[in-house]
Amino acid sequence: RKEVEQDPGPFNVPEGATVAFNCTYSNSASQSFFWYRQDCRKEPKLLMSVYSSGNEDGRFTAQLNRASQYISLLIRDSKLSDSATYLCVVNPYSGGYNKLIFGAGTRLAVHP
Amino acid sequence: EPEVTQTPSHQVTQMGQEVILRCVPISNHLYFYWYRQILGQKVEFLVSFYNNEISEKSEIFDDQFSVERPDGSNFTLKIRSTKLEDSAMYFCASSEYGTGGVEQYFGPGTRLTVT
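For the record, the sequence lines run as chains X and P. Just so you know, we're using this note's numbering here: the first sequence kicks off at 1 and counts up by one. Just so you know, we're using this note's numbering here: the second sequence kicks off at 1 and counts up by one.
Rather than coming from a laboratory, the hints here were simulated on the basis of the structure. Accuracy of the hints is not assured; some may be wrong.
So the derived label-pair ranges between C-beta atoms look like this [stated by the list, open to error]:
| # | chain 1 | residue 1 | chain 2 | residue 2 | range |
| --- | --- | --- | --- | --- | --- |
| 1 | P | Glu1 | X | Thr18 | 27 to 33 Å |
| 2 | P | Ser58 | X | Gly9 | 23 to 29 Å |
| 3 | P | Ile60 | X | Lys42 | 17 to 23 Å |
The calculated DSSO-like cross-link candidates involving lysine-lysine, where the alpha carbons are at most 27 Å apart (straight line), are [as the list claims (entries may be wrong)]:
| # | chain 1 | residue 1 | chain 2 | residue 2 |
| --- | --- | --- | --- | --- |
| 4 | X | Lys45 | X | Lys79 |
| 5 | P | Lys42 | X | Lys42 |
| 6 | P | Lys83 | X | Lys79 |
Backbone N, C-alpha and C fix where the C-beta goes; we use that ideal spot for every residue, glycine too.
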């Protein structure tokens, strides 16, 4: 089983749509979770951390289900500028070490 | 807003040559990392570095690779004898702390092409 698994997409959605990405991770001891976005041939940019209680940042909502080892990202009211690859990222350690394990990413294309 | 910088943006080298990729982490960050991304593949962890020592390295980070913090601002990745399969985007990242929940911030990357 892959350490971090995502649906590769692509997701093609019209502007204004709501889109959801899912991710599963294999290491049940993992402690920290993030969503990054990556534009073509650019660096990963932190979108948001994911907390156990779920968290929201504007149009973006992240959820974590530790029992199912499942992370989600919901984007509401999609904009053209949301077109990118969304990376689910897990840190398997709780303290003292900080190493990120990346999923392969889910590509989103928002069209007019 | 402070950011991680990397030079060069693109490096072309011949197989067997040594390359040094340079990074300037965010100034108050103490933990530094290198990742790589082969074209079309996922981002992979190479090494983490703190207090002038490697904290952890992946199996990719073999004897051909080394890291150094030669002064108070730069953080370098050296590949001693490049192979074709080293062609990738190399990203430097830094974080303020080393604990698990702390975000890492990435530089724009160096595209390494080995011919």
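Comparing the hints with the structure gives:
1. Glu1(P) <-> Thr18(X): 27 to 33 Å: holds, 29 Å
2. Ser58(P) <-> Gly9(X): 23 to 29 Å: holds, 26 Å
3. Ile60(P) <-> Lys42(X): 17 to 23 Å: holds, 22 Å
4. Lys45(X) <-> Lys79(X): Given pair Lys45(X), Lys79(X) holds - Cα atoms ~17 Å apart, limit 27 Å.
5. Lys42(P) <-> Lys42(X): holds, 13 Å
6. Lys83(P) <-> Lys79(X): This hinted pair is violated, its Cα atoms lying about 41 Å apart.
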